[in-house]
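> Chain residues, written in single-letter form:
2 protein chains.
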Amino acid sequence: MAMSQGESPSPQLKVTVLEVARLAGVSMATVSNVLNRPNVVAAATKSRVLAAMQQLNFVPNSAARQLAAGRSRAIGLVVLDLTNPFFLEVARGVEDVASSAGYVVILFNSADSRDRETRSLSVLREQRVSGVLLSPVAARTELVEQMRAEGTRVVLLDRRGAATGECSVSVDDVLGGQAAGEHLIATGRRSLAFVRGGRHVRQYNDRERGIRSALRGAGLDDRSLVVLHEEMSVSGGEHAGERILREFANVDAVVCGNDTIAAGVERALLKAAVRVPDDVALVGYDDVPLAKLITVPLTSMQQPMYEMGRSAAQLLLDEIEDSDHVHKRVSFNPSLVARSSSVGRPAKPARRSGGAAKAIATHANG
Amino acid sequence: MAMSQGESPSPQLKVTVLEVARLAGVSMATVSNVLNRPNVVAAATKSRVLAAMQQLNFVPNSAARQLAAGRSRAIGLVVLDLTNPFFLEVARGVEDVASSAGYVVILFNSADSRDRETRSLSVLREQRVSGVLLSPVAARTELVEQMRAEGTRVVLLDRRGAATGECSVSVDDVLGGQAAGEHLIATGRRSLAFVRGGRHVRQYNDRERGIRSALRGAGLDDRSLVVLHEEMSVSGGEHAGERILREFANVDAVVCGNDTIAAGVERALLKAAVRVPDDVALVGYDDVPLAKLITVPLTSMQQPMYEMGRSAAQLLLDEIEDSDHVHKRVSFNPSLVARSSSVGRPAKPARRSGGAAKAIATHANG
DNA sequence: CTGAAAGCGCTTACAG
DNA sequence: CTGAAAGCGCTTACAG
Numbered sequence: 131m132a133m134s135q136g137e138s139p140s141p142q143l144k145v146t147v148l149e150v151a152r153l154a155g156v157s158m159a160t161v162s163n164v165l166n167r168p169n170v171v172a173a174a175t176k177s178r179v180l181a182a183m184q185q186l187n188f189v190p191n192s193a194a195r196q197l198a199a200g201r202s203r204a205i206g207l208v209v210l211d212l213t214n215p216f217f218l219e220v221a222r223g224v225e226d227v228a229s230s231a232g233y234v235v236i237l238f239n240s241a242d243s244r245d246r247e248t249r250s251l252s253v254l255r256e257q258r259v260s261g262v263l264l265s266p267v268a269a270r271t272e273l274v275e276q277m278r279a280e281g282t283r284v285v286l287l288d289r290r291g292a293a294t295g296e297c298s299v300s301v302d303d304v305l306g307g308q309a310a311g312e313h314l315i316a317t318g319r320r321s322l323a324f325v326r327g328g329r330h331v332r333q334y335n336d337r338e339r340g341i342r343s344a345l346r347g348a349g350l351d352d353r354s355l356v357v358l359h360e361e362m363s364v365s366g367g368e369h370a371g372e373r374i375l376r377e378f379a380n381v382d383a384v385v386c387g388n389d390t391i392a393a394g395v396e397r398a399l400l401k402a403a404v405r406v407p408d409d410v411a412l413v414g415y416d417d418v419p420l421a422k423l424i425t426v427p428l429t430s431m432q433q434p435m436y437e438m439g440r441s442a443a444q445l446l447l448d449e450i451e452d453s454d455h456v457h458k459r460v461s462f463n464p465s466l467v468a469r470s471s472s473v474g475r476p477a478k479p480a481r482r483s484g485g486a487a488k489a490i491a492t493h494a495n496g
Numbered sequence: 131m132a133m134s135q136g137e138s139p140s141p142q143l144k145v146t147v148l149e150v151a152r153l154a155g156v157s158m159a160t161v162s163n164v165l166n167r168p169n170v171v172a173a174a175t176k177s178r179v180l181a182a183m184q185q186l187n188f189v190p191n192s193a194a195r196q197l198a199a200g201r202s203r204a205i206g207l208v209v210l211d212l213t214n215p216f217f218l219e220v221a222r223g224v225e226d227v228a229s230s231a232g233y234v235v236i237l238f239n240s241a242d243s244r245d246r247e248t249r250s251l252s253v254l255r256e257q258r259v260s261g262v263l264l265s266p267v268a269a270r271t272e273l274v275e276q277m278r279a280e281g282t283r284v285v286l287l288d289r290r291g292a293a294t295g296e297c298s299v300s301v302d303d304v305l306g307g308q309a310a311g312e313h314l315i316a317t318g319r320r321s322l323a324f325v326r327g328g329r330h331v332r333q334y335n336d337r338e339r340g341i342r343s344a345l346r347g348a349g350l351d352d353r354s355l356v357v358l359h360e361e362m363s364v365s366g367g368e369h370a371g372e373r374i375l376r377e378f379a380n381v382d383a384v385v386c387g388n389d390t391i392a393a394g395v396e397r398a399l400l401k402a403a404v405r406v407p408d409d410v411a412l413v414g415y416d417d418v419p420l421a422k423l424i425t426v427p428l429t430s431m432q433q434p435m436y437e438m439g440r441s442a443a444q445l446l447l448d449e450i451e452d453s454d455h456v457h458k459r460v461s462f463n464p465s466l467v468a469r470s471s472s473v474g475r476p477a478k479p480a481r482r483s484g485g486a487a488k489a490i491a492t493h494a495n496g
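These protein sequence lines are chains A and B, in that order. The first sequence begins at 131 in this note's numbering and counts up one residue at a time. The second sequence begins at 131 in this note's numbering and counts up one residue at a time.
Bear in mind the hints are in silico, worked out from the structure with no lab data behind them. Just so you know, these numbers come straight off a predicted model, no measurement behind them. Careful, some of the hints might be misleading.
Straight line, CA to CA, 20 Å or less: simulated SDA-like cross-link-like pairs of lysine to any residue [stated by the list, open to error]:
hint: 1; chain 1: A; residue 1: K144; chain 2: B; residue 2: R278
hint: 2; chain 1: A; residue 1: K401; chain 2: B; residue 2: V406
hint: 3; chain 1: B; residue 1: K176; chain 2: B; residue 2: N187
hint: 4; chain 1: B; residue 1: K144; chain 2: A; residue 2: A199
hint: 5; chain 1: B; residue 1: K144; chain 2: A; residue 2: D382
hint: 6; chain 1: A; residue 1: K144; chain 2: B; residue 2: V406
hint: 7; chain 1: A; residue 1: K458; chain 2: A; residue 2: G223
hint: 8; chain 1: B; residue 1: K144; chain 2: A; residue 2: R152
hint: 9; chain 1: A; residue 1: K144; chain 2: B; residue 2: A198
hint: 10; chain 1: A; residue 1: K144; chain 2: B; residue 2: V253
hint: 11; chain 1: B; residue 1: K401; chain 2: A; residue 2: R405
hint: 12; chain 1: A; residue 1: K176; chain 2: A; residue 2: S157
hint: 13; chain 1: A; residue 1: K176; chain 2: A; residue 2: R152
hint: 14; chain 1: B; residue 1: K144; chain 2: B; residue 2: P168
hint: 15; chain 1: B; residue 1: K144; chain 2: A; residue 2: K458
hint: 16; chain 1: A; residue 1: K144; chain 2: B; residue 2: E275
hint: 17; chain 1: A; residue 1: K144; chain 2: B; residue 2: L273
hint: 18; chain 1: A; residue 1: K144; chain 2: A; residue 2: A159
hint: 19; chain 1: A; residue 1: K144; chain 2: B; residue 2: R195
hint: 20; chain 1: A; residue 1: K401; chain 2: A; residue 2: D382
hint: 21; chain 1: B; residue 1: K144; chain 2: A; residue 2: L197
Kindly produce the complete structure, drawing on both the sequences and the hints.
Rendered as structure tokens:
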């Protein structure tokens with residue numbers, strides 16, 4: 131039984147360039163020109179063509195355009211975890227830049243799986259996108275090199291590129307770890323824990339290095355840092371918090387790999403009646419909206435996510451469109467947002483009594 | 131100055147069906163057949179063609195396929211707010227179903243702007259997607275009817291469709307409001323507030339009706355409900371909380387339009403030393419991860435987001451591929467997840483002493 | 001500034 | 001089960 135749609139669907143099923151050309155009394159080439167190089171066609175002709183397009187409700191077929199032109203007005207964006215507000219903001223930045231340059235962005239979530247990443251890249255390859263923005267699961271993917279060899283531009287996201295041969299935009303994680311460490315040391319902490327994810331993840335390795343560097347800078351040695359590897363989730367954080375209380379009772383400050391895990395740590399501490407920040411200070415990472423909403427609002431490292439997205443998209447478009455393009459590695463600086471979890475209750479007088487750390491931005495905390 | 135790429139990029143720039151055909155010693159039609167109707171070609175031929183594809187590293191050009199075949203293996207998904215975990219989960223469900231059926235999903239965020247919605251739909255139209263999943267900004271869009279007339283299938287998301295003529299998947303908001311109301315009444319509340327967004331948004335209107343219906347069912351009249359219209363943000367919630375304390379001191383329970391605004395309300399209450407839930411009970415909506423992480427974990431209405439996405443994608447694919455398709459309106463039921471904000475501290479004994487409301491699911495709370 | 005012609009890389013009936 | 005041919009809707013040099 132077919133759909134009872136009643137009348138026949140409107141007849142304007144497929145209006146082609148040819149029909150527009152006929153109605154406007156010009157050639158197909160001219161119609162194509164008003165679409166692609168409007169400045170090349172006479173004003174009168176142009177308006178005639180435009181009117182015909184309007185009247186016929188003409189919608190160019192992008193598959194045909196792409197096939198004929200040999201290039202695609204699309205770029206791909208493959209992110210590690212769309213669930214993470216970080217990448218969502220990055221995606222917004224990418225989208226804004228791309229769409230105002232007339233590009234469509236095709237978004238994929240690799241969800242940290244090499245397999246999904248491969249499939250995503252394959253689809254983008256079949257789509258013949260002119261470029262892709264990739265926050266890669268692993269260090270080097272053959273597929274990426276393959277695509278580059280085929281002429282597809284690839285810009286790395288959230289990962290510093292090789293010394294040469296590619297663009298990348300990332301944020302300096304060593305600096306981030308160091309700022310977190312210095313902040314805690316400056317506020318009197320002496321025995322830190324770092325709760326982090328996967329051992330092979332560059333981000334966490336860099337931040338750990340940054341923390342160690344801060345400790346050394348303050349004359350503290352490596353024994354003043356304990357490192358816990360946990361799943362990056364609330365329950366991972368709770369587990370870490372419990373372990374710290376049980377096994378490392380002298381720890382007086384915890385840096386976390388992200389805000390979600392920090393929320394878990396905080397939960398475990400509060401449940402055990404440990405005071406935050408009085409007994410243990412807490413610093414998260416990413417400064418997601420959640421950070422300011424949990425029981426003790428979280429000090430966190432903020433990254434210019436939206437700007438990173440914009441910047442990456444600009445780099446990619448430049449590489450696609452400018453034959454004089456030279457590769458660049460853009461590295462953004464994170465900044466610490468101090469809240470109650472590390473600097474005491476945000477009572478008005480307390481805030482007035484001086485900043486926590488020197489060059490560090492202290493944002494108001496909701 | 132050109133890029134110092136060194137060697138010439140690999141030569142396998144563009145391998146076409148023709149070359150595969152030559153290497154395999156068959157016609158282009160046969161190559162096309164192993165791609166599109168593998169069961170129609172002899173096993174020996176097929177493996178010869180497959181081998182040739184492998185050897186040449188052949189990647190079909192989807193623009194060409196689409197143009198020649200006259201149909202696209204892509205669907206569009208336009209959501210109201212990608213920042214909202216609700217739509218992110220829906221998108222996951224859509225993506226999973228679509229990609230395992232061999233479709234690419236092109237995702238757009240209309241960000242609640244008619245203008246952005248229009249632009250997104252226009253791009254999808256130029257892409258000649260075979261279908262789109264849309265959570266519409268406004269009630270009826272001409273563009274949508276236009277696209278339908280052109281043969282594009284459209285399934286409505288998070289909005290109940292017209293009585294006939296289209297598929298839709300939504301969640302029953304009247305039921306949701308009612309369940310929230312009944313839960314609060316069952317736990318002894320008698321004077322409710324509903325903090326909601328835009329007056330024209332169907333979701334909030336439905337939920338308000340549900341709450342009123344619950345009140346009536348308990349013999350309470352409309353004066354037992356005050357309704358506040360606020361911006362759907364943390365600060366909107368704080369504002370609402372302050373107003374309630376100032377202007378409606380007798381309110382003993384608040385239902386919120388989403389969890390974020392509920393977090394704001396809770397914040398305002400706690401700041402004023404009002405106890406939650408002892409003095410005022412609180413119910414959020416959506417059950418986002420945040421809900422269980424704020425100071426007093428939030429009772430919230432959970433919606434089967436991922437399942438909604440899957441279901442919507444299935445409906446759309448069915449409409450695209452099955453000529454016997456009949457339109458359906460799928461309506462999911464929300465379920466209440468009870469946490470401390472409405473049922474007292476989650477101490478073990480308390481939980482054991484009986485459920486809060488009859489048929490309502492009471493999930494463990496982190 | 002405009003037009004005639006060829007072709008982008010594939011698929012689809014149609015024969016065989 | 002396989003092949004020859006036409007064509008999908010556009011754009012791009014090339015003339016004029």
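> Under the criterion that the straight-line Cα-Cα distance not exceed 20 Å, is the pair K458/A, G223/A satisfied?
Holds, because 18 Å separates the two Cα atoms, which is no more than 20 Å.
> Hinted pair, alpha-carbon criterion (20 Å max): K144/A, L273/B. Please report holds or violated.
holds (15 Å)
> Within a Cα-Cα threshold of 20 Å, do K144/A and E275/B meet the stated pairing?
Distance of about 15 Å is within 20 Å: holds.
> Are the Cα positions of K401/B and R405/A separated by 20 Å at most?
holds (19 Å)
> Take the C-alpha atoms of K144/A and V406/B, compute the straight-line distance between them, and say whether it is at most 20 Å.
With Cα atoms ~61 Å apart, K144/A and V406/B exceed 20 Å; violated.
> Is K144/A within 20 Å of A198/B, Cα to Cα?
holds (15 Å)
> Within a Cα-Cα threshold of 20 Å, do K176/B and N187/B meet the stated pairing?
holds (16 Å)
> Need the status of pair K144/A, A159/A: alpha-carbon distance at most 20 Å?
holds (19 Å)
> If you draw a straight line from the CA of K144/A to the CA of R278/B, is it 20 Å or shorter?
holds (13 Å)
> Hinted pair, alpha-carbon criterion (20 Å max): K144/B, P168/B. Please report holds or violated.
violated (23 Å)
> Take a quick look at whether K144/B and A199/A sit within 20 Å of each other, Cα to Cα.
At roughly 15 Å apart (the allowed maximum being 20 Å), A199/A and K144/B satisfy the hint.
> Under the criterion that the straight-line Cα-Cα distance not exceed 20 Å, is the pair K144/B, K458/A satisfied?
Violated. K144/B to K458/A sits at ~28 Å, over the 20 Å cutoff.
Of the numbered hints given earlier, the model fails hints 5, 6, 8, 14, 15; all others are met.
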